[in-house]
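Engineer: One-letter residues, chain by chain:
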Amino acid sequence: MVAKSLSEVAEALGARVVTRGSGLAVEIDRVYAGDRISDLLERSSPRTLVVTNLASRPLLRLADLMDVPAICFVDGKEPEAEVIAAAQARGTVLLVSPVGVSETCGRLSRLLGEGEGGRS
Amino acid sequence: MTVAEWPLVGGVYDDVGRATRALKEHLKRLGVDVGAIRRALIAAYEAEANVVIHARRGTMRCYFGPGQLDVEVEDEGPGIPDIDLALREGFSTAPLAARELGFGAGMGLPSIRRNSDRFSLQSTVGRGTRVAFSVRYRPQEGGVVVGHSVAVEAARCQRCRRCVRACPVQAVRLRDSGPSILEHLCIDCAACLAVCPTGALGLRGRSDAPAVDGGTLVVPDALLVQFGAAVRPADALAALERLGHRDVRTLEPWERGLRAAAAERARANSGPRPVIAPFCPAVLNLVASRFPGLLAQVAPFLTPLEAARRALQTRPAAFVTLCPAQRSSLTSTTGPGAAELVAPTSLLREMLGVLVGRPRPTVDEAASPVAAPTTAPAVLVATGLRHVLRVLDEAENGALGDVLLLELWACDGGCFGSPLLREDPAIAGHRARTWSVGDGPVAPAEPLAVERQVRRGVRLDPDLSRAVQLLGEIDRLARALPGRDCADCGAPTCQALAEDVVLGRAMLAACPHRPVEEELR
Numbered sequence: 001m002v003a004k005s006l007s008e009v010a011e012a013l014g015a016r017v018v019t020r021g022s023g024l025a026v027e028i029d030r031v032y033a034g035d036r037i038s039d040l041l042e043r044s045s046p047r048t049l050v051v052t053n054l055a056s057r058p059l060l061r062l063a064d065l066m067d068v069p070a071i072c073f074v075d076g077k078e079p080e081a082e083v084i085a086a087a088q089a090r091g092t093v094l095l096v097s098p099v100g101v102s103e104t105c106g107r108l109s110r111l112l113g114e115g116e117g118g119r120s
Numbered sequence: 121m122t123v124a125e126w127p128l129v130g131g132v133y134d135d136v137g138r139a140t141r142a143l144k145e146h147l148k149r150l151g152v153d154v155g156a157i158r159r160a161l162i163a164a165y166e167a168e169a170n171v172v173i174h175a176r177r178g179t180m181r182c183y184f185g186p187g188q189l190d191v192e193v194e195d196e197g198p199g200i201p202d203i204d205l206a207l208r209e210g211f212s213t214a215p216l217a218a219r220e221l222g223f224g225a226g227m228g229l230p231s232i233r234r235n236s237d238r239f240s241l242q243s244t245v246g247r248g249t250r251v252a253f254s255v256r257y258r259p260q261e262g263g264v265v266v267g268h269s270v271a272v273e274a275a276r277c278q279r280c281r282r283c284v285r286a287c288p289v290q291a292v293r294l295r296d297s298g299p300s301i302l303e304h305l306c307i308d309c310a311a312c313l314a315v316c317p318t319g320a321l322g323l324r325g326r327s328d329a330p331a332v333d334g335g336t337l338v339v340p341d342a343l344l345v346q347f348g349a350a351v352r353p354a355d356a357l358a359a360l361e362r363l364g365h366r367d368v369r370t371l372e373p374w375e376r377g378l379r380a381a382a383a384e385r386a387r388a389n390s391g392p393r394p395v396i397a398p399f400c401p402a403v404l405n406l407v408a409s410r411f412p413g414l415l416a417q418v419a420p421f422l423t424p425l426e427a428a429r430r431a432l433q434t435r436p437a438a439f440v441t442l443c444p445a446q447r448s449s450l451t452s453t454t455g456p457g458a459a460e461l462v463a464p465t466s467l468l469r470e471m472l473g474v475l476v477g478r479p480r481p482t483v484d485e486a487a488s489p490v491a492a493p494t495t496a497p498a499v500l501v502a503t504g505l506r507h508v509l510r511v512l513d514e515a516e517n518g519a520l521g522d523v524l525l526l527e528l529w530a531c532d533g534g535c536f537g538s539p540l541l542r543e544d545p546a547i548a549g550h551r552a553r554t555w556s557v558g559d560g561p562v563a564p565a566e567p568l569a570v571e572r573q574v575r576r577g578v579r580l581d582p583d584l585s586r587a588v589q590l591l592g593e594i595d596r597l598a599r600a601l602p603g604r605d606c607a608d609c610g611a612p613t614c615q616a617l618a619e620d621v622v623l624g625r626a627m628l629a630a631c632p633h634r635p636v637e638e639e640l641r
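Listed in order, the protein sequences are those of chains A and B. Here the working numbering is used: position 19 in the first sequence is 19, and no number is missing along the way. Throughout, the working numbering is defined as the position within the second sequence, counted from one, plus 120.
Any given hint could be a false lead.
Stated by the list, open to error - Here are some chain A residues the structure puts well away from chain B; computed CB gaps all over 12 Å:
1) GLU27
2) ARG61
3) GLY100
4) GLY106
5) ARG110
To be verified - If you want the footprint, here are the derived chain A segments under chain B, 3+ residues with CB under 8 Å:
6) 19-25
7) 34-41
8) 53-59
To be verified - Okay, the calculated beta carbon distance ranges per label pair:
9) A:SER102 to B:GLY473: 29 to 37 Å
10) B:ILE203 to A:ALA89: 32 to 40 Å
11) B:ARG625 to A:ALA85: 29 to 37 Å
12) B:ASP583 to A:GLY14: 32 to 40 Å
Read the hints as simulated data drawn from the structure, not as lab findings. Beta carbons are placed, not taken as given, at the ideal position from N, Cα and C, and that holds for glycine.
Next up, chain A with everything else stripped away, as it sits in the complex (with noise of 0.2 Å):
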């Protein structure tokens, strides 16, 4: 797998950019999809973008404690004001893609050369 940077993944994704944390310039190498805590919790890494349905502040306090880059919500879904003012506060980036889960992730899988597709 190849690193992008954030940019060039909302480029690839064609995503909205709702928070932009400390950068675009950051950049990831993994790509986790899916909709359970415990899940998010372990495969989480400071190189992972996360992909899921689960818009909650729960959720981006998970990314801030394991040092989560970026999140990307799906299905143009736009997420709360909440939620978007907890990713501002913790410099988390925010995206939202135009389509689901599945689309994404295999848009992400041809950006970052291969995928790891995970349970959603």
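Following the hints, position chain B against chain A.
Structural biologist: Same frame as chain A, now just chain B:
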């Protein structure tokens, strides 16, 4: 032994992770190894979530021992009727509200057990549950290994070994798969990029010019003197403006600010001499890995690039970076924040496109020299790693007591010597000085918030007696090798191959001229 305790409240899902976050701060301050931190956080988070999901209230208590973290999480709750069942993956009694938030996958207790070195669970139905676990830890090995920004494109490599020989810290090896960089040694300088004839080694990230979106573009001064005798820095700035960059800044104000602050510091310095001014990030990496004893002599300010980033943090800004170290310092998660990064290659091309065909001033008119000696006499300026290494060696030996301040740059001629630029550093540097207006705006130096950390560097093993043993083995093997430093094996020297072999990074068979087994005994 230190103890810390945090209360937990049932039903408040938004708070799950709050106590674990506090635990993380403790572990980081202790300087515990990252693997242990990760395991401890996963286990603690799951234990905390269990209390919030199932109980009315509870506490998380942490005991920090010399080699181990002990955590006890006790709650007042319904208790667990069947512990064996609760420890089975996928079994959960979490309410719907928790499941909707992604909790209650039935992974909690198994995950605590998996991520700890000792685990116990006691529960009384109707009273509550007590989970205890321990995670063994050790000090984080020799400081940090920092990500580097040298990109390797193995397919382009023609196996010439120039990079292996050029690396001033012997961090490059040529493997069967192409060039490989030992990250713990790499200081992110541009020496390997500079000698690579095919572009197999380059700067990570994109090299296209930034989209023009009204943001600030920060360019190194060296970028403005790449267009021959008749194009002044002001003309180059105008070219950038014609390309659509309305707000272009150079790093000069921040360099001036740092120069002044470092000089002030050097004058007031009563500690060991000399003070080292933090200009070049690659030099700072070198100090942190090769000369950790000198780290305390580095003036506690951000580099000009970091200070510029800090100052421009609130607006969209793109930075033209001239080397891997600059790039790393802008993308580092510990630094003052990342920014958009631009390698100069294509920008230079675009600028040239605008500059060609413009009415040229006569050379006479352009080169009206302004005398601008910028460094005070007590500052020792050294550029190029060959010299920088020797200066730092002398400083480490305490032999530079007559020098108040050091200004060191990894590339020849400072950033003018970046391999990504076209003009010779001597010529470009001369033009920059000739055209310099002398004094200009000064941005005050930014004090360093987080201390610069020692890098692992060349240290063989955190355990001294083990390191001594390894050193002996390496020396013995190195003496048995031919000693021609031919680099045929892919390592720069016989000594380096010996170290690679002893540390398990390479096979002795890599040396085509190796002695037969008997001679090694």
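Engineer: What are the numbers of the hints the structure violates, in ascending order?
Structural biologist: 1, 2, 9, 11, 12
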